[in-house]
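Residue numbers (this note's numbering), protein chains in the order written: chain A, 64 to 261; chain B, 5 to 285.
If you are wondering where the hints come from, they were derived from the structure by calculation, not from laboratory data. Careful: at least some of the hints might be erroneous.
[What the hints assert, rightly or not] Derived pair list, reagent style DMTMM-like, types lysine to aspartate or glutamate, alpha-carbon separation capped at 25 Å:
no., chain 1, residue 1, chain 2, residue 2
1, A, 77, A, 216
2, A, 77, B, 41
3, A, 220, A, 146
4, A, 77, B, 43
5, A, 77, A, 109
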Amino acid sequence: VVVSGFQERLTAAKEGDEGAFVELFRSVQPALLRYLSTIGGSLAEDVAGETWVSVVRGLERFSGDEAGWRAWVFTIARARLVDAQRRLSRMPDTVDAQEVLESRPDGVDVPAHVEELFSTEAALALIGRLPTDQAEAVLLRHVAGLDVARTAEVLDKRPGAVRVAAHRGLRRLSKLLSPSDDEASEQGCNEIDATIDY
Amino acid sequence: MYNDDRRLDADAAPDERVTSLLEAASAPTEPGPVRGELEALAAFRASHAPTSRKSPVSALLTSARVTVGAAVGALLLTGGVGAAAASGSLPGAAQDTASEWLSKVGVSVPSARDRSKPHGDRRDDSGEAEAPAGTAPDSRGEEISGLARDSGASGADKGAAISGLASDGRSRAGERGVSRGHAGRAHDGHRHKGHDGHRHKDHDGGHGDDGERRIDDERSARGGKVGDDAWETPDELPDGDARSSAPSITPDEDREAFSPDAETTDEDRESDGSADPESRP
Chain A
64 VVVSGFQERL TAAKEGDEGA FVELFRSVQP ALLRYLSTIG GSLAEDVAGE
114 TWVSVVRGLE RFSGDEAGWR AWVFTIARAR LVDAQRRLSR MPDTVDAQEV
164 LESRPDGVDV PAHVEELFST EAALALIGRL PTDQAEAVLL RHVAGLDVAR
214 TAEVLDKRPG AVRVAAHRGL RRLSKLLSPS DDEASEQGCN EIDATIDY
Chain B
5 MYNDDRRLDA DAAPDERVTS LLEAASAPTE PGPVRGELEA LAAFRASHAP
55 TSRKSPVSAL LTSARVTVGA AVGALLLTGG VGAAAASGSL PGAAQDTASE
105 WLSKVGVSVP SARDRSKPHG DRRDDSGEAE APAGTAPDSR GEEISGLARD
155 SGASGADKGA AISGLASDGR SRAGERGVSR GHAGRAHDGH RHKGHDGHRH
205 KDHDGGHGDD GERRIDDERS ARGGKVGDDA WETPDELPDG DARSSAPSIT
255 PDEDREAFSP DAETTDEDRE SDGSADPESR P
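Okay, chain B solo, but in the shape it has when bound (with noise of 0.2 Å):
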């Protein structure tokens, strides 16, 4: 390997026996293998074995499974969403960005503001806006509300004709005459006639299948306690009692005297809140 013109940096060359020293130790090896060949192999068939070859699919494999587990997430929380808002659960600002939003691509959903509105006053927006989806209208509420403002009807009588025509028959108010002896107290007519009365306005005007279960839903919830004697104490009124009058309460007057600040008991909003059109299945 030692060549002359390598020479060495001194200002002398090799003598002749350093230069045949050095051709010695820099001698070339037989061909063939050579000492720790073996091993050398070994590490080098380690570092590129099939496993570390396959590491870049593995990483591959492994980058695909987060892309779809993320994908599935957002989905899942997409939907979930979705869903929160349809059903508008979310919270109130959130509820507004995701109506404004699921409207811009055709989906509706109640916003915040329709979710929190008080019962009353979506009740006044029911009765003189369009029916809500699904409710079909029809004429039963004008029909009871026009029976409970007729003049020519009054008492236990009127009363048990409302109460049939809303209840499609299946009231049994004025079917009884046996009183219980509560008569005079519970059965409040102006109270009882009017307050159905307005609700026949001003419910069912708009939509008349919800005024019958309005009114079902008041008795079943006023009748179980004093409503027994309400309804089925009918001839036991005395006349010129304020059912008679009910019919010439002029509608203000009316929202007026039944506005829940009033007189609408707790047994009332409970009624009111059974009755919820969207609370129903």
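Bound conformation, chain A alone (with noise of 0.2 Å):
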């Protein structure tokens, strides 16, 4: 969602326009869910909430433009996802594509043709088949709509080991997606894997 007037809305977003401030929180906080609640699950909600104070006590030495501002509000999700995590010692339930693929009936809740649409909440799920790293990077370039370098601050990593995450990802959801030719997707992948440097 791109904000029109983006700087004028977070300057009266700082003086305590409420109305700003929403258009800013509603340009942000779908993507922010989508992300949270494929990563984190059911701390999903929570997370925002933190993530919201966190954002209002902050909002006043913030500056950038409209990338800048979805970038440091992930960031600051993210942070204290990792940090509920680490609080409840529990984490998400990560599945591993190959599993999925493997004790899924061929065809089922996938749609059969291109046409068919999928809806959020099975795209999201099928994402969040994916390895940690591969979803994150995946939802942060594809669903918040982060270039590469935005996705590299947020994730703490370099450029490259981002867009490699994010082919992989993509390239399992392809392998999810056409599980006829699953074999040579799936020696595609471990190529991948074998040959780059994270």
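Put the complex together from the two separate chains, hints included.
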């Protein structure tokens, strides 16, 4: 979601304009919840609430454009998510895509044709089946709309590692959606894993 | 949200299924409030609550209170130092500094040197210099001094005359002729009369009223012990008593004879101290 007149909205929000703040909030919150629910599971809403408390407290000090704003909010959210996971000593249930492919009957939950639409929940569920680093890269790049550099900032990784993780995630998703040629896809993923230096 | 121009960094673009999946994952939400909006808005309102917006005002008021308090404290301190300087109560160096500074703005306060000057020195100064402020010079001192030097009279009569003049008629010296038997010892004529003469000369020449008070004070200080006889038995004094030669004492002799180191007794010092014009109300 692109905020028209982002700087004006940001300035107004800093001065206490609730309308401006709501507009900024709505520009980020849907993608934020999708990211948090996919990675953090049931922690998503609590972590989102903590994130916005921190955002409000630090709003006076923030300066930047809209991409920087989104990256800043996601950086805070990820940090809060890690804190919550450590606090609860519970890591999110990351499901290996290979196990899913092996246990899932062919064709189930996957649209048979391109014209069929995924529901948002079904799409996020499939992304959630990726390894965490791949899922995060895919979510931040293609759901939150961050570019490689911003994604690297949020994940505290090098841009090259972000590119590889995103590519591997998409390849795995493609394989999930094309079980017929899963052997070739799996082979390709393994080759990438063996050659990429993280 | 997914756009084709946001190409993947790998060698192959996602297939159509993956593209459809990403579009579904990034689908826009329905217009209106989204989950968590009320909580976030509450946090926003809390951070911009009126109390927090009043904080600058509160800080300003606090700053103003501190400023006023500091000003009042400075005034009290300055006033206290000024009062202490005016009364000469500051330590020596501080008193000198306060005297110097205040003299620049037209306020006269005593310096440490003035305050610590011995009484005798001050007395000499007062005799030679102008009378202190508030003491109106008159001719009484000179008159008494002249009477003391007058060789036409002698003995108890002269003493009584001097005492009467100095006390403005309140002295009872010479009125009673009853001896108490110690006149010879107590009535040191030379000392008694000459002492008075000395004071008349040195003190009263500068400020006669002061001389009168000094005599009275000295009498009260000394008479309480031996002065009754000295003042009240003039008739029994032998002729040719040293008092008769008092007027012949030269000023130098007088000063030497009655210098504090020579003959001034403790009683004299007490008397002098009580007669200090600066210590009187």
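Hint-by-hint comparison with the structure:
1. Taken as a hint, the residue 77 of chain A and residue 216 of chain A pair is honoured in the structure, with Cα atoms around 24 Å apart against an allowance of 25 Å.
2. At roughly 17 Å between alpha-carbon atoms, residue 77 of chain A and residue 41 of chain B fall within 25 Å of each other, so this suggested pair holds.
3. For the hint pairing residue 220 of chain A with residue 146 of chain A, the CA-to-CA distance comes to about 18 Å; that is within 25 Å, so the pair holds.
4. Pair hint residue 77 of chain A plus residue 43 of chain B holds up; C-alpha atoms about 18 Å apart against a cutoff of 25 Å.
5. Distance check on the hinted pair: residue 77 of chain A and residue 109 of chain A sit about 24 Å apart at the alpha-carbon level, within 25 Å; holds.
Comparing the model with each earlier hint shows no violations; every hint is respected.
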